[in-house]
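**Q** Got chain F sorted already, so can you dock chain H onto it with the hints?
Protein chains: 2
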Amino acid sequence: MYDTTLRDGTQGEGVSLSAEDKIKIALRLDEMGFHYIEGGWPGSNPKDMEFFNRIQQYTLKHAVVTAFGSTCRPGVEPARDANLNRLLEAGVKVATIFGKAWDFHVTRALNTTLEENLRMVRESVAYLKSHGLTVFFDGEHFFDGYKANAGYALEVVKAAVQGGADAVILCDTNGGSLPLEVFQAVTRVREELPDVELGIHAHNDGEMAVANSLMAVQAGATQVQGTVNGLGERCGNANLCSIIPNLTFKLGCPTIPRENLVYLTELSRYVYELANLNPAANQPYVGESAFAHKGGIHVSALMKEPGTYEHLDPALVGNTRRVLMSELAGISNLLYKYKELHLDKSSPEGRQVLDQLKNLEHCGYQFEAAEGSLELMLRKALNGYREPFQLESMRLILQMWEGQPIHSEAVIKLRVGEEVVHTAAEGNGPVNALDNALRKALETFYPEVAALRLLDYKVRVLQEKAGTEAQVRVLIETGNGKKTWGTVGVSTNIIEASWQALADSMAYGLLKEHKL
Amino acid sequence: MYDTTLRDGTQGEGVSLSAEDKIKIALRLDEMGFHYIEGGWPGSNPKDMEFFNRIQQYTLKHAVVTAFGSTCRPGVEPARDANLNRLLEAGVKVATIFGKAWDFHVTRALNTTLEENLRMVRESVAYLKSHGLTVFFDGEHFFDGYKANAGYALEVVKAAVQGGADAVILCDTNGGSLPLEVFQAVTRVREELPDVELGIHAHNDGEMAVANSLMAVQAGATQVQGTVNGLGERCGNANLCSIIPNLTFKLGCPTIPRENLVYLTELSRYVYELANLNPAANQPYVGESAFAHKGGIHVSALMKEPGTYEHLDPALVGNTRRVLMSELAGISNLLYKYKELHLDKSSPEGRQVLDQLKNLEHCGYQFEAAEGSLELMLRKALNGYREPFQLESMRLILQMWEGQPIHSEAVIKLRVGEEVVHTAAEGNGPVNALDNALRKALETFYPEVAALRLLDYKVRVLQEKAGTEAQVRVLIETGNGKKTWGTVGVSTNIIEASWQALADSMAYGLLKEHKL
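Residue numbers (full-length UniProt numbering), protein chains in the order written: chain F, 1 to 516; chain H, 1 to 516.
These aren't lab readings, by the way, just hints derived from the structure by calculation. Quick caveat: nothing in here was measured; it's all calculated off a predicted structure.
Calculated cross-link-like contacts (lysine-lysine; reagent style BS3-like; alpha-carbon spacing at most 30 Å):
{"no.": "1", "chain 1": "H", "residue 1": "482", "chain 2": "H", "residue 2": "61"}
{"no.": "2", "chain 1": "F", "residue 1": "147", "chain 2": "H", "residue 2": "250"}
{"no.": "3", "chain 1": "F", "residue 1": "358", "chain 2": "H", "residue 2": "458"}
{"no.": "4", "chain 1": "H", "residue 1": "93", "chain 2": "F", "residue 2": "358"}
The following block holds chain F by itself, in its conformation from the complex (with noise of 0.2 Å):
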């Protein structure tokens, strides 16, 4: 397993990784048992020589760092080549170097000829591995090479194993070779070269990059190149978080030790995390809602025999089992979810609620994220709950003379079980305004609406093309520090949906405080 996230995966558009979060990296994936980490590019910015100087510091349990570059440049002698040099300076023990594997390339973008490009990759890596250094060498575009003219291809994977080569990577630099062909590409190579170790790096332009390192894998490589979470130039690279579960758990190959990959939920979120990027949602194994069930069907199969939907235990990789509310719900999802509330799937008050439920969603709500909404409608139906206040009249005024910015006011009053408090708060906005004068009505009677916090609010135009008088759909995310939760208002009005969505994110932080 070589991961070279913190080199290949910086390519990435968006992706900015400071030397420290570089460090961290590094040794999340030596705790994980990485067997490589590409460190970077020594000499291609003064980032990656501050992180090749300080990961020296560390003493590594698994891991071994490995520092890119290219092979020495048309006409120089490797001695005499300055990026050469800097990967002895780097400090590593392994170094990968890169050579052109295509004959296009070579006469187009290298401008030199088939010849003298060979004679660059054997030499280079006879230089570096002269120097005592370990060497893997990285055939660019070897499949786009091999398909254009297979015979030079294979005489450049030859050079770098007459020049010492410990392992030869096959790269799909562009990213767009299908699995049978790379499958038949890495037979023929392992055919030809029967006792050299092979790799694949592939890249994603085509959809394709995880299924292509399992068919390398299928066909005799044994190292597999790729980065957390697939970042990477363009479409990414190989995704290290699909490819270590499917060969572990799919095809009972050797990895990284069996009893880490429960940490693997974790590390995707981390490096996520440490490059500032949002996860995706979607993605295999890792995903939030990767093991996230909606449809009906499915999770009446779930309760009885998690297999029927599922390819693999979630615990396996860290991830969580989750049931979605929705209009495709079935009552089992609700059942599921709310255990706790003694739902019983034939009371008149279950299929209530659910008749209930998807008519809203019909109207526009949406229950997925509005978990607090559902719970305290499931609540309201089963006439177990007392509400913390109630509106009696609600007033916004929003003023603005030329030049100034808008000046928001809200006056609200509530009734908290006997009594009647009015009150009125500015605010940066209208939401803002509204949120701000309940909080002040609600305080005297519940102190600990000072510790809920709006964290997200969202808002859905539905219906478009109706102009100012459609639909809008408005969630809003509240935590109060331990966990956070979900509500939703629909309506025609910004400020009614709003305040409908508000009304509850308290009403739901107080319930969860009180066990009203």
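**A** Leaving out everything else, chain H in the frame of chain F:
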């Protein structure tokens, strides 16, 4: 090409399409040349029924609308099965029904015998056929079933054929199968049933859905089921936006008409927009980063020869090459787009507008869909523009009493030339009230405002996670019956953002009428 975005796609977490959205997507898929569009599961929810009723009013050019359902239940005759009869009521010519192909599912989830399941499959297909429908049979969990008990899985397929199925679709329902397994299983079915049309329906739980679909085609399947952008439950369905170009350009298979592939990127973004999901930038073929190059070596080689680091010409799928770290390309486009304004890149006004544009985009403005606002900004900077009105003050009052809808009133004071107009209006929500008041104020001066119609109103919350103080972007689309234009506003206050976009929409409409 069988699209199930409207049915299986909506099982995806966070995917919720209104009946109106579904109609729009179906019409777009038809224009693209898809062969089948699975509209929904009649009877499972009111939205799907509404879709089947409404779609009958349209004459489609290429596509046939299909309805999805299951076989009859155990122990029930097809003619007495409510769900099967719903398929007959949906008014479609093609029905796709699924049945279980995995023995474990038959005994554990369905709680019936293997024999009874074969009867259900055979008789359900025959029943729908006897009513004149074309019937596709989805063999649920076929690949898992084939691994567990190949004989029984094949018997299920044969039962469907005996019932008269027009095609049998092999489903990787749990999404965990590997490419070689799929290839081998489809090859076997092909051999056993050489005259039956085969299809593939794959899910992406192992990140293999696109690869598995291609392998099935290479083994003889001719129908591919999938969704736009791979939307779907858990990790999604097979992504048709990758499968179609892979089949077309890499394997030379017929899919949708080749000339329509240039609209593939547009289709992908349209569906994301209607589903209110953020497009995945690194999505193969159609993602914003799919042809974005960051590495210096890659960019310099690309300038010599695009094929060096691109597996495909992005124009073939309607996407574009991007070179990152160079915003200058966008600015050249701007100069090109507003040629008639004679904007000079090196003039002080030119520089000023470009700086303003960059700052505004950095603050969250987006002018791609707001040409109206952009042209007004350019004209203001170039001094030749006289504003048709100016705001002096604005007041919005929203009031709500318990159990009643919100009452919205707007008061505005404008200067139009030398005159001041002060007026008020009510509306269905705050923005509608503002819109009504603004029109009322302008009517006496510019009677042509009566012809301007707000067509679309969109709200995006930027910088989420800041709760109700987040920045909000409002995009408004307006038309005068001849052309349409977009305008934009950004503020922490949704009312202020709406006002900016609204004022621009009227000002731009008047500009075009008056040549002001």
